[in-house]
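Whenever a hint applies, use it, and build me the whole structure from the sequences.
Mapping the sequence shown onto the UniProt record's numbering, position 5 (from 1) lands on 5, and the numbers just tick up by one.
Incorrect hints may have been included.
To be verified - With a straight-line Cα cutoff of 30 Å, these simulated BS3-like cross-link-like pairs (lysine-lysine) come out:
1. K61 x K17
2. K41 x K6
3. K15 x K54
4. K54 x K17
5. K61 x K15
6. K6 x K61
7. K6 x K54
8. K52 x K65
9. K65 x K15
10. K65 x K6
11. K15 x K41
12. K41 x K52
FYI, nobody ran anything at the bench for these hints, they're computed from the structure.
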Amino acid sequence: MGLGDKLSNSAEEFKGKTKEAAGEASGNEQLEAEGRNDQLKAKAKDAVEDVKDKAAEAFNKVTGKD
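Now the structure itself:
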């Protein structure tokens with residue numbers, strides 16, 4: 001996973017936390033839900049990138065391309 005991807009996902013997760021907190025503070029349930037959704041999307045992207053990284057590591061180990 002590239003540094004840019006990590007930063008982008010972290011920014012998206014932070015944005016989601018901020019939206020969720022703003023929604024909670026203002027009683028805006030839609031904004032709160034959007035914030036939770038943004039966080040879930042960022043975590044899902046991280047999980048996909050982790051799988052890609054593990055697959056690449058395994059491939060490189062098998063082919064001797066460390």
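We went through each hint and held it up to the structure:
1. K61 x K17: Between K61 and K17 the Cα gap is close to 38 Å, so the pair fails against 30 Å, i.e. violated.
2. K41 x K6: holds, 13 Å
3. K15 x K54: holds, 27 Å
4. K54 x K17: Holds. K54 to K17 sits at ~28 Å (cutoff 30 Å).
5. K61 x K15: Outside the cut-off at roughly 37 Å; violated.
6. K6 x K61: With a Cα-Cα distance of about 24 Å, the restraint between K6 and K61 holds, given a limit of 30 Å.
7. K6 x K54: Given that 30 Å is the threshold and the Cα spacing comes to 15 Å, the pair holds.
8. K52 x K65: holds, 16 Å
9. K65 x K15: violated, 38 Å
10. K65 x K6: holds, 24 Å
11. K15 x K41: holds, 11 Å
12. K41 x K52: holds, 17 Å
When the structure is compared with the earlier hints, violations turn up for hints 1, 5, 9 and for no others.
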